[in-house]
Every structure is written in structure tokens, then in C-alpha cells.
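Visitor: Now for the letters of each chain:
Protein chains: 2
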Amino acid sequence: MPSEFDLIARYFSRGPVQRADVLLGVGDDCALLEVPAGRQLAVSIDTLVEGTHFARDADPRALGHKALAVNLSDLAAMGAEPAWATLALTLPAADESWLAAFAGGFLALAERHGVQLVGGDTTRGPRSITVQVHGFVEPGRALRRDGARAGDLVYVTGTLGDAGLALLAQQGLFVGLGVLDGLRERLDRPTPRLAEGRALAGIASAAIDVSDGLAADLGHVCAASGVGATLFLERLPCSAAVRDYVAGTGDWSVPLAAGDDYELCLTVPAARQAEAEALGATLPAGLHWIGTIERVAGVRLVLPDGGTIDQAPVGYDHFAGDD
Amino acid sequence: MPSEFDLIARYFSRGPVQRADVLLGVGDDCALLEVPAGRQLAVSIDTLVEGTHFARDADPRALGHKALAVNLSDLAAMGAEPAWATLALTLPAADESWLAAFAGGFLALAERHGVQLVGGDTTRGPRSITVQVHGFVEPGRALRRDGARAGDLVYVTGTLGDAGLALLAQQGLFVGLGVLDGLRERLDRPTPRLAEGRALAGIASAAIDVSDGLAADLGHVCAASGVGATLFLERLPCSAAVRDYVAGTGDWSVPLAAGDDYELCLTVPAARQAEAEALGATLPAGLHWIGTIERVAGVRLVLPDGGTIDQAPVGYDHFAGDD
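Chains as they are written, first to last, in our numbering: chain A, 5 to 327; chain B, 5 to 327.
Simulated from the structure, these hints should not be mistaken for laboratory data. It is possible that part of the hints are untrue.
[To be verified] Computed footprint of chain A on chain B; a stretch qualifies when at least three of its residues, placed anywhere within it, have a C-beta under 8 Å from a C-beta of chain A:
| # | stretch |
| --- | --- |
| 1 | 35 to 46 |
| 2 | 49 to 56 |
| 3 | 89 to 96 |
| 4 | 258 to 267 |
Quick caveat: nothing in here was measured; it's all calculated off a predicted structure. Every residue, glycine too, gets a C-beta built ideally from N, C-alpha and C.
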């Protein structure tokens, strides 16, 4: 049985990305890194826990992808350019085939975005994965949550509700579809919207990634910014599968409150609408107008029939309802 | 019941340290940070898992201290000046009294070293704690593991084996002492040797913190540097309790192979011996000569009676012996 150090070295030291700004990577007490002159450092840390965020039999390759993707999504939401990652892995046993697949998924996504794994820790215990990512952003261009102002326009990238519908299907709560493979891909292998965040840094007034559900996450932006918002449900960009589901059930909670899509929700000052939309047309995931920022707190909904809901339902919260 | 976000905000947002280089702390998708011009960034991540690193009934205040301390110890071993920490906390339930005590221990140590908590994640699951620390070091002065050369002298700070003896006592394997409180303090609330690491940065040729046991950790330095070492057991600095234990049992494994002391083991070129020892005399934990670096690989021991052991026993390894 290889030791802890051998395991880390075998699966993670020989990553495909070798960056010039990494002076010392995996294997010492610390990694030694160089932030480019004139850039700010953006960092985010997130944990995925077996039984809470993924099932025991989850595909380890998809899990390796997702553990990095959800963190890269935070960099995207900040308008930052990704650079480095660290990985703290807790495993019940040193299962080499699991590790090889997990490392494969993790490192493939890292390579796609030029991210080098620079440090880590491997411990024994109930399976969980903590990743921290590090990126760079130019001073004044970071997309914070607190920059939305009344009169700004609300946009979202990509489509909403695919991951939520896949989760319903996986739980056996929705069986109406033959097109689940694409939805599953959205749930298991989310795409961090890094190009979109980079393009809109310096243009959007605020941003967040949609991990708890659109209504909840836009609510975080509104709370941080001291504003409110109105969303127009018929403007929510949805895949054909989600459109059919909503048409058949009347259940808007899938695009509105289900998490895990990892799209970006951004606010844009009206003065920069044309610029943002021109850019949006060139972006892989597109950029869709869905609502407006207003002075009055809270997130309000306008239904397709013109009716309104004063308080949008919010998404999943890990500790809500404990007592 | 407060939500996940409220919990984080309540216990960790209002930390006592507010640094000017933190442009945006807890509460956005990322923290935004500024590394001082001309400094390198040192980062390290470590996880403590219930059942592996601590018991279910462990004092949460001590645990908060230890989770940060073991990471700061990695910065110390690099000769880095600590700046920021992130915390990923997984808990079976939102136990507010546990959280308050844990945060108290964590933030008290953070304040002592001017460390600001800049980000985090709270998830539900089996209890575990992952901390990443970030510090600064001047180019060329970092204490790497790979810098030891034949002829260098081997030093250690503080005393060795206190935490190991406390662990034996805690496990009921050693009952010979009435002075356990001080030892328990060493196990539960280790002191990261930050002043010692900073002072010796640029003087020592290599360093590591003693977390797996002296023999194992010096072995890592030797392997990374392509050298070997001889340790003189009678030179190992020990508290009265550990000296008595070794005298009574003949068991050198406590100071030599037990982990968790979080002292620093450093190598110093002979040309800088006087400088290092003069500095050592001014340091809180002191600096003790214990051996020499040699060309031949491996860690050898010289016993007090002049006998020798060709291969030192090594310390704890999380995945060793799996099959």
C-alpha cells in the first residue's frame, strides 16, 4: 500500500499544467506562488460531502470535474481569470481506481482552463472533497455582489433548470422525458462560465453564480446591494426539456429555485446595455435579459399571464429547517 | 434556525482582524486580496477529521485553535509571514454552542498572528475542518524541503514528544505522570513556530514542521534534498516528563516518531552556524542542534551509549497498512 505522500504524488503531482507563476508546487509545507504585478487575487473554497452533495456510487470522474467546476464558477462570478487550485481529499480508504478516475476528471478540467494543482492534503474519513481556487482580476473590475443599483438590468447566461430537472429525474420524482442524458451532463459536469465572467468584468455592476437557485442567488445580490428586483418568468432561458416540463406541470420552481446550474446572474447599468448585449451575442453560453433592479427590497415575479408574486420562493439551504 | 449564510456571518464575519490588504472578505463569491509588491505567496491546506484527528467529544475551542495552528505551522516551516485564512467546515448539525466555541478558539489564534478569515464554506455532513492559510515571503528566502546539503547541521525548536506522550496518556497507554496538563496543552493547542521560521528564513537551508514525527519529517527533507542524516538521541530536546518517560521505559519513539508537536526541524549550512545559534538564543522556543546532514541517504541514529541504528523508525501515516 503506498503511503499518503505516494498517493498524492502519484495522482496529482504530475498534472498537465505547469505555470511559470508556480515557484514550488505539491510536495513541500507550502506552495510558493507569484501573483502578477497589478492584479488582485480572488480566492474561493467549497466542499462537496458524500450523502449531502453526491451519492456514494457517484461517478468519481464526474465528481473530480464537479469539485473543481463549482469552485471555478465562483471565479467566473467574480470576473477572475483562474490560475491555481488546492485539493483536500478525505477518503474512507485508499481506493486507487477511484482516485485515478477522480484525478482524471479534476485534471482534465484544470487543463482546459490552465489551472495548476499546487497543493493538497489527503486524510482518512468519510468521503468529502474541499477545493480552493485562486485567480487574478484587474483592480476595479471584480464583479462583486454589492454593486447592483436601481435601474440596472438583470441577465443570466445559458439556460436554467436543467440540473434541477435532472435531479428530480434521478430521485424518481419526474419520469416524463427521454432526453435526460443532456440534463444529467448539466448536473454532473457543470460548465463554469469563465469566458462570460471575464468578458463582463468591468461592464456588469454585480454578479453571482446560480448554485442555490436563481431567486435565492439574485436575492443575495439584492441584499448585498440594498436593492430589490423583478423577474419576468417568460424571459427565463430554458432548454426544450425544462420548457416542456414547466408547460406540462406549471411548476416554475425548477428554473427559478433549483440550484446546480452554475450559470451566472449579472446586473448591468442601463448605460451599458448595448455593450453587454453585443458582447453577450459572442459568448458561448449567451446572455439573456430576465428582469430589472429596483429600489424596493425583495425579489418579485411577473408570471407569463401578467400576474405577480411578491416574494419569490428560494432555493436549497444546507442547514435550513434544522429545528 | 438561521440559514447557512447566517451561521457563517454570525460566527466568522466579524473577526477581530481587519487587514488593509483584504479588499473583500467573507460574503461574496470570492475574497479579493492584495499580495504586497515583491513578495511571494505561500499557501497550505490541511484537514482535520472527526474520528481520525480528533474525538467526537473534543473541546471545540481547542479544535478551533488546532485547525488553524497546524496550518500556520506550515507557514512557519516555510519562513512565511501569515496573512489570511479560509475555512471549510462540515458539521452534522448547526450546533450553535459548538460553533461559538470553535470560532472563539480559531479567531483568538488568528488575532494573535494578525490573520484575517477571508472566506469559507459550511456544509452538512460528518464533522471535518479544512483550513487554508496564506502568507508572504521574500523571494529567495523561503525555507524549502529540498535545500539541505551534506555538512549542514540539523536543528529543532522547542521540545519533542510532549504531544506524543499526552496522546499515549489519553489512550490509557501511559499512566505514570502527574504533570499531564502541560502535555495535553501541547497536544490540544500546539504553538505554530512562526517567529522562529521568520527569523531563520534566509539562513536555514531547509525546514519542515514536525507533524508526522521527527524521523519521518527529517526523512522527507532528506529525500527532497537527495541527502541523509544522523541524529544524536541524547541531543533531542525533551521536557522533564518526556525525559523521565524515556529513562523509565527506554522508549525513544515518543520524541523521535510521535507527531503533533509542530516544532520546526531545520538544516543550517556550517558557515551560518554561529548566526543561527545567536538568533536561536533570542527565540521563544529556542534552537537545538541534534544532528548532521550527510551524503548517504536515510536517517541514522546514534544512541546515548554510542551504539547506532541504521534506519530510524518513522511516524504515523494516514493510509499506511491499508492492505
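Visitor: Hints numbered earlier in the text: which of these fail when held up against the supplied structure?
Guide: 4
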